[in-house]
Amino acid sequence: MSMFDEIFIGQTFNIEYDKFNLEIKVEKMQKEHNVKCSFRSKGNYKEAYGSIFRFFNELVWFYDMHISDINGGHSQDSHVFFNYSANSERYLLSFTQKVHKEEQHLALGFFREALCNESPYYRFLCFDKILQVPFPNGKLKGQWLEAQLPFLTDGLAKNLRDRRIKELSNKPLADWLYKDGRQALSHATIGQFIRDPNNYDDWDQIKWANTVMEELAKQCIIDKLKVPKS
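All residue numbers for the sequence shown refer to the working numbering, where the first residue is 129 and numbers rise by one.
Note that these hints are calculated values from the structure, not bench results. By construction, the Cβ of each residue, glycine as well, lies at the ideal position given by its N, Cα and C atoms. Incorrect hints may appear among the rest.
Derived Cβ-Cβ restraints for the label pairs, each shown as a range [unchecked claim]:
id, residue 1, residue 2, range
1, Phe321, His202, 43 to 49 Å
2, Gln320, Ala275, 26 to 32 Å
3, Glu274, Gln320, 23 to 29 Å
4, Ser297, Asn215, 34 to 40 Å
5, Asp192, Trp331, 24 to 30 Å
Derived DSBU-like pairs: lysine-lysine, alpha-carbon spacing no greater than 35 Å straight-line [said to hold, decoys possible]:
id, residue 1, residue 2
6, Lys226, Lys267
7, Lys226, Lys294
8, Lys267, Lys294
9, Lys354, Lys147
10, Lys226, Lys257
11, Lys267, Lys286
12, Lys174, Lys354
13, Lys257, Lys357
14, Lys352, Lys269
15, Lys335, Lys159
16, Lys174, Lys346
17, Lys335, Lys346
18, Lys174, Lys357
19, Lys170, Lys147
20, Lys286, Lys354
21, Lys174, Lys299
22, Lys159, Lys346
23, Lys147, Lys357
24, Lys226, Lys159
25, Lys170, Lys156
26, Lys267, Lys335
27, Lys299, Lys153
28, Lys269, Lys346
29, Lys354, Lys267
30, Lys269, Lys299
31, Lys229, Lys153
32, Lys335, Lys352
33, Lys267, Lys357
34, Lys269, Lys257
35, Lys357, Lys299
36, Lys226, Lys357
37, Lys257, Lys335
38, Lys346, Lys226
39, Lys286, Lys269
40, Lys269, Lys335
All chains, full assembly: derive it from the sequences and hints.
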């Protein structure tokens with residue numbers, strides 16, 4: 129057993145979140161964790177579940193963690209619990225809740241879903257939903273998105289914007305993300321333009337699109353929803 133095993137395994141870590149007490153234990157380093165959320169009233173069990181999910185949001189956003197294999201959820205009269213896989217334990221030493229607003233957590237929930245899922249199609253749709261959260265209509269969202277594209281910083285995202293987009297359809301990038309991305313992913317009618325999960329080109333193009341969508345989603349959370357990254 130390593131020094132780090134002795135610090136984490138077999139210990140109970142208590143974290144206050146949304147006025148609930150979370151009890152966290154590490155069963156296997158960088159793999160198996162479990163969390164129990166205690167509550168006082170039987171009617172609070174769904175709020176307790178929600179508190180755990182919001183807690184996971186912050187782990188993914190602030191600690192760059194990957195949360196997966198969430199299971200369990202058996203409700204008792206006093207607590208609910210989840211088992212989950214986590215790729216780090218460092219959050220247990222320093223965690224404090226930073227996010228409280230509903231719209232912030234809605235966006236962070238979709239961010240968690242995107243970052244912790246392997247499907248490029250699902251990730252794209254989650255990133256797109258994040259961009260919808262702060263805007264009352266699609267026009268304002270589109271205007272904001274177009275204004276951000278010249279200032280992309282990710283190397284792969286810039287590569288798509290500056291070079292690869294010409295190989296795809298020669299459309300403006302904002303139009304391509306909407307028509308060849310969001311719209312095509314939303315439909316599955318034979319004869320229409322769709323993104324086929326069995327087609328390599330479709331899969332590859334959406335993976336490239338996600339390099340832009342992820343950066344836009346992060347920028348939206350930071351700038352429009354006022355959630356810092358650290």
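Hint check:
1. The supplied range of 43 to 49 Å is met by Phe321 and His202, whose beta-carbon atoms lie about 45 Å from each other.
2. Checked against the hint of 26 to 32 Å, the C-beta distance between Gln320 and Ala275 comes to roughly 30 Å, which is consistent with it.
3. Separation of Glu274 from Gln320 is about 25 Å and conforms to the stated range, judged on CB atoms against 23 to 29 Å.
4. At about 37 Å, the CB distance of Ser297 to Asn215 agrees with the hint of 34 to 40 Å.
5. Evaluation of the 24 to 30 Å hint for Asp192 and Trp331 yields a pass: the beta carbon distance comes to about 25 Å.
6. For a cut-off of 35 Å, the pair hint linking Lys226 to Lys267 stands: about 31 Å separates their Cα positions.
7. Between Lys226 and Lys294, the direct Cα distance comes to roughly 42 Å. Violation of the 35 Å bound is thereby established for this hinted pair.
8. For the proposed pair Lys267 and Lys294, the alpha carbon gap of about 25 Å is at most 35 Å, so the pair holds.
9. Annotation: proposed proximity of Lys354 to Lys147 holds, straight-line Cα distance about 22 Å (limit 35 Å).
10. With a CA separation close to 22 Å, the supplied pair Lys226 and Lys257 stays within the 35 Å bound.
11. With a CA separation close to 24 Å, the supplied pair Lys267 and Lys286 stays within the 35 Å bound.
12. With a C-alpha separation of about 27 Å, the suggested pairing of Lys174 with Lys354 holds against the 35 Å cut-off.
13. A C-alpha spacing of about 19 Å is found between Lys257 and Lys357, which places the hinted pair at or below 35 Å, so the restraint holds.
14. A C-alpha spacing of about 11 Å is found between Lys352 and Lys269, which places the hinted pair at or below 35 Å, so the restraint holds.
15. This hinted pair checks out: Lys335 and Lys159 have alpha carbons roughly 27 Å apart, not beyond 35 Å.
16. Taken as a hint, the Lys174 and Lys346 pair is honoured in the structure, with Cα atoms around 28 Å apart against an allowance of 35 Å.
17. A hinted pair counts as satisfied when its Cα atoms are at most 35 Å apart, and Lys335 with Lys346 qualifies at roughly 17 Å.
18. The straight-line distance between the Cα atoms of Lys174 and Lys357 is roughly 28 Å, inside the 35 Å bound, and the hint therefore holds.
19. Simply put, Lys170 and Lys147 have alpha-carbon atoms about 15 Å apart, close enough for the 35 Å limit, and the pair holds.
20. Under the criterion of a C-alpha separation no larger than 35 Å, the hint pairing Lys286 with Lys354 is consistent with the structure, at around 25 Å.
21. A hinted pair counts as satisfied when its Cα atoms are at most 35 Å apart, and Lys174 with Lys299 does not qualify at roughly 46 Å.
22. The suggested pairing of Lys159 with Lys346 holds, with an alpha-carbon distance near 26 Å, which does not exceed 35 Å.
23. With a CA separation close to 23 Å, the supplied pair Lys147 and Lys357 stays within the 35 Å bound.
24. A threshold of 35 Å between alpha carbons decides the hint, and for Lys226 with Lys159 the separation of about 25 Å falls inside it, so the pair holds.
25. Restraint check: the Cα-Cα separation between Lys170 and Lys156 comes to about 31 Å, which is no more than 35 Å; the hinted pair holds.
26. Of the pairs offered as hints, the one joining Lys267 and Lys335 holds, with about 25 Å between alpha carbons and a cut-off of 35 Å not exceeded.
27. Taking the CA atoms of Lys299 and Lys153, the gap is near 51 Å; set against the 35 Å cutoff, the hint is violated.
28. Distance check on the hinted pair: Lys269 and Lys346 sit about 14 Å apart at the alpha-carbon level, within 35 Å; holds.
29. Pair hint Lys354 plus Lys267 holds up; C-alpha atoms about 21 Å apart against a cutoff of 35 Å.
30. With a C-alpha separation of about 19 Å, the suggested pair Lys269 and Lys299 falls inside the 35 Å cut-off, and the hint holds.
31. Between the alpha carbons of Lys229 and Lys153 the distance comes to roughly 27 Å, so the proposed pair stays at or under 35 Å and holds.
32. The straight-line distance between the Cα atoms of Lys335 and Lys352 is roughly 25 Å, inside the 35 Å bound, and the hint therefore holds.
33. With a CA separation close to 27 Å, the supplied pair Lys267 and Lys357 stays within the 35 Å bound.
34. With a C-alpha separation of about 11 Å, the suggested pair Lys269 and Lys257 falls inside the 35 Å cut-off, and the hint holds.
35. About 32 Å separates the Cα atoms of Lys357 and Lys299, which keeps this hinted pair within 35 Å; it holds.
36. With a C-alpha separation of about 11 Å, the suggested pairing of Lys226 with Lys357 holds against the 35 Å cut-off.
37. The suggested pairing of Lys257 with Lys335 holds, with an alpha-carbon distance near 17 Å, which does not exceed 35 Å.
38. The straight-line distance between the Cα atoms of Lys346 and Lys226 is roughly 17 Å, inside the 35 Å bound, and the hint therefore holds.
39. Between the alpha carbons of Lys286 and Lys269 the distance comes to roughly 20 Å, so the proposed pair stays at or under 35 Å and holds.
40. About 22 Å separates the Cα atoms of Lys269 and Lys335, which keeps this hinted pair within 35 Å; it holds.
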